[in-house]
Amino acid sequence: MYPSRFRYEAPRSLDEALALLAEHGDEAKILAGGQSLVPMMKLRFAAPGVLVDINGIAGLGFHEETAGGGLRVGALCRHVDLEHSTVLPGAQPTMAAAAPLVADPIVRTRGTLVGSLCHADPQGDWASVMLALGGSVVAVSPRGRRTIPVGEFVVGTFQNALEHDEIVVEAVVPAAQGARAGSYLKLERRVGDFATAGVAMALESVGGQILRAGIALTGVGPATIAATEAAEALVGASLDPDVIDRAAELAAAAARPRTDHRGSADYKRHVVATFVRRMLTAERAPAGAAA
Amino acid sequence: MTQTAEPHAASPAPTSQALDEVKIGGLGSSRTRVEDARFIRGRGNYVEDVTLPGMLHMEILRSPLAHARIRSIDTSAAWAIPGVKLVLTGEMAAQRNLAWMPTLSYDTQAVLATDKVRFQGQEVACVVADDPYIAKDACDAIVVDYEPLPPVVSPEQAVAPGAPLIRDDKAGQADNIAYQWEVGDKDGTDAAFARADVVSKLRLHYPRSHPSPIENCGAVADFNSATGKLTVYLTSQAPHIVRAAVALIAELPEHLIRIISPDVGGGFGNKVPVYPGYVCAILCSILTAKPVKWIEDNTGNLSSTGFGRDMYLDSEMALTSDGQILAVRYHATTDQGAFYADAQPTKFKIGLVHSSFACYDVPVGHITAQGMYTNKAPGGVAYRCSFRVTEAMFFQERMMQAAADDLGLDQAEFRRRNLVDDDQFPYRTPFGFLTDSGQYHKCLQIGLDAIGYDDFLVEQAEARKKGRLLGIGISTMTEPLGAGNSREYDILGIKMFDSAELRVHPTGKAVLKIGAQTQGQGHETTFAQIVTHELGIPALDIVVEHGDTDHTPFGMGTYASRSTPVAGAATAMVARKIRAKARKLAAHLLEVSEEDVEWELGRFYVRGAESRGVTIQECAMAAYSNMPDGMEPGLENNAYYDPPNLTWPFACYIATVEVDPETGVWDVLRFVAVDDCGVRINPMIVEGQIMGGLTEAYAMSNMQFQTYDVDGNLVGANYMDYLLPTAWETPGFELHEVVTPSPHHPIGAKGVGECAAVGGPAAYVNAVLNALRPTGVRNIDMPLLPDRVWHAAHTGDDVSGAPPFRTE
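Protein chains in written order, with the working numbering: chain A, 1 to 291; chain B, 1 to 808.
So here's chain A without its partners, still in its complex pose (with noise of 0.2 angstroms):
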């Protein structure tokens, strides 16, 4: 690969990579894992002058349990991390769905949890996890520290809203209004590739009864979707086939997807209703009981 020229640094330190960032400005770019960037910069797709490299920098590398159902993922804690977390099975359901199939084994090694919802590709993973989780990023600057829902932070294709001298140092789910439930299927012609179209669905609910609800779609429009109807459908009700119905539909009129050569419109939109009604009847299947 023979990408433009740029000038590397491996700052030891938040305040070093933030000193940086505020020195260069647009002309720099984190690399975290660079599973996207590197790519990018090959193709000369993406030519910054400057990549900071964040990979030096100590302490960014947990995911752990907040109180109540909560979760904090580090800016460095990579995909293969939570594939092989043990502190996803149970707790986080949605998380662990998702984690065994974002990319492929050698991507998930390297890439990182919060550079995939920086990248804000439409076809990433994380994002409609987060989005459906009604997750956040926490940014710091030199100015301070703030937190922003991913709903407000992916906002277009590869866009986010991240200040220049800004660094997302990790991303944060919510505590759970009771006990979670969720699932992520993605539809993908070969392992590695960009889905054809994904749905990430998390469910909080005491006794029976779904306090919260979230959906999001992935790789079904120009970025990551959330089906707030389709959730809000489920909100105080019980999961009957009418119901699982109804969210289904409403989770397919809420998709935007192109047809292109991983498939039609109509198919992108029916793969999102089948997954939805395949999750929401998992849950209303006696445990154990197959999607």
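Just so you know, the hints here were simulated from the structure itself, not pulled from any lab data.
Cβ atoms here follow ideal geometry from the backbone N, Cα and C, with glycine treated the same way.
Among the clues, some could well be false.
[Claimed, not checked] Computed, partial: chain A to chain B, Cβ under 7 angstroms:
no.: 1; residue: R143
no.: 2; residue: F158
no.: 3; residue: Q159
no.: 4; residue: R189
no.: 5; residue: V191
no.: 6; residue: G263
no.: 7; residue: Y267
Given chain A, work out where chain B should sit, using these hints.
Just chain B now, kept in the frame of chain A:
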């Protein structure tokens, strides 16, 4: 493993001191690949590894447009970049008469565009610089002023009234037709159709795919201006052909050209042609008087070098109501891209597509074919097949299944009624080939038994009642391998024989030099085994060399599964010449007449006195130290082998699948492969070739294709869009074998490298369509992407053509 081989050597007598052939690495030994010792340690030597003193680096600027006139090219900004040594345009190449070059199909191809660009990715200019980064920067600094022209992106558009003329460079070319060809008996075929009870029709498209070797193309060209010698390290499957081609194209004396193909990282047909990048690297080395390295990137490889397939079929089969095939006829249309650059024997305009129906008893047939110029990359190389045989066998097996369905006959039974019987060999096919040998019915039966055919049909019926879609698909096929015989097969006039040279050193160790060229097939392992079989020299004592035209005999290279049938035969023949001389030496050493000397593996002995003998190694020493009076010293020889016929391996592939009716996703439940490739030299390598081919077949049926949008933009120009299957989704394969030796090959072997890639796709596709049979769907063109399967299953409509990329 079903072992049904006849032993290929007579059992030695009880008193024999013959060596155990398998133990010393002869025929039938699954010895590990000697190449792997260096590959798995990172000690291979690929073109990219070659570094010469003072070497410069070349990058190519490619056209972003599919069809455009070049108004001007401004290279001044590129020249101004420090470190740039040369910016070469088509105009400058034209001054050396190198703006155009011949293709392997008697067409011409632009080296660097001078007048127009004719496909996206076409070579427009190149830059030579101190390092590849600078060269790439300088390419980006070249300003080309294009006048866009309407692109032609399909054969239909190519022949539509008012279609833009793509090849306005060719005198006398008034349309976009690249070639027309026909074969067979039209009148006889028409008469057979008039008698038919049932006529089964099918239209198919085999999508454009790309061989996509893991190593892209590249060259290090080193022109020594003092000696006039040109040395080129090249990613080539056929270095000797390249030497001849370079001599002709660049008008250089052939004895001063040395082509070296070092380790080659896969070819699959992609590395047979001569590409513009090679010619540019050579010209740049001549102009700069420095070694010049050019290494193609993935996009360059996928968008400009030889693709495979892209063929349309319009077919009919004439049948009796009880399932006898009376005749076949079809029209094939190939989308050639901007230059007709099929790598194939010169006489045949659409490769060996007429090998279709060679394994069935079809009395008569007629094929017409036409190739179209379009604004797409040129090629039509034999992607892991013997010259468009992949299309031929895919079409054949899809037609067979459609015909069985039309007749209401079981697909296995329909094949049984039409397969050629064992006693019909040599069998003359409807299009003039002579197949050599086979046990077709036996192979089919082994496959059906292995998959549990009857039980599966019961399971399938039960599953259908529950809404589950199970399917079973069969592909029985034969492939013409080992081009060729010199009467019929040549490339640009050079006959398609092959060669081997064997040198046995005084201590009995040997060097075998061959005209073939491995790209991963394991020649260094298997060719030694042939020598071991003939001479009893342990395989470990034999080194195999190839790929350096100064130091190996002239050969046509490795593609179309021809190495074992042709160079392998030459190897056996040269070993036999060595053995004949060794026999004289043995007689001399044993002080008996030659007629009294008997041979067993590794040793000559006196007839009637078995204990009196000499080893082949003792004979070798004698050739240098104790030869009889009048005998020329040394133990070396060579052989050029002109095969009397092609070899015809046979295979039966059977897949079972389950289709998810809600998503169209299909999974392979089981895959049974029965291959008869004659005598197996190294069973492990044969099995590896079969598994590799079945994997590529799976890819083609499931995910792998290139297509172009309405503007002529290539979809599939990188490995995000052009999918190669991983271990994750590739199904497991159950392999079985039948051995019917080729009667005309010295060791009874047949080609095998491509059979599975050729015959595999139809098994998968037939299985999916078998699963969808209750829906009335008759055809889904490859790739069988989930959305296409779902669409067909839900509407009952066929899905034709390449998947759309952009519809608005």
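Q) Going by Cβ atoms only, is G263(A) closer than 7 angstroms to chain B? A) 3 angstroms, holds
Q: Double-check R189(A) for me: the hint is only fine if its C-beta lies closer than 7 angstroms to a C-beta in chain B.
A: Check passed: Cβ of R189(A) comes within 5 angstroms of chain B, closer than 7 angstroms.
Q) Under the criterion of a CB-CB separation shorter than 7 angstroms, is F158(A) in contact with chain B as hinted? A) 15 angstroms, violated
Q: Against chain B, run the beta carbon of Q159(A) and see if the smallest gap drops under 7 angstroms.
A: 20 angstroms, violated
**Q.** chain B contact restraint on Y267(A) - CB to CB distance below 7 angstroms
**A.** Holds: closest Cβ of chain B sits about 4 angstroms from Y267(A), inside 7 angstroms.
Q: Verify the interface restraint on V191(A): the C-beta must sit less than 7 angstroms from at least one C-beta of chain B.
A: Holds. Min distance 4 angstroms.
Q | R143(A) as an interface hint toward chain B, with CB separation required under 7 angstroms | A | 37 angstroms, violated
The structure fails hints 1, 2, 3 (numbered hints given earlier, in ascending order).
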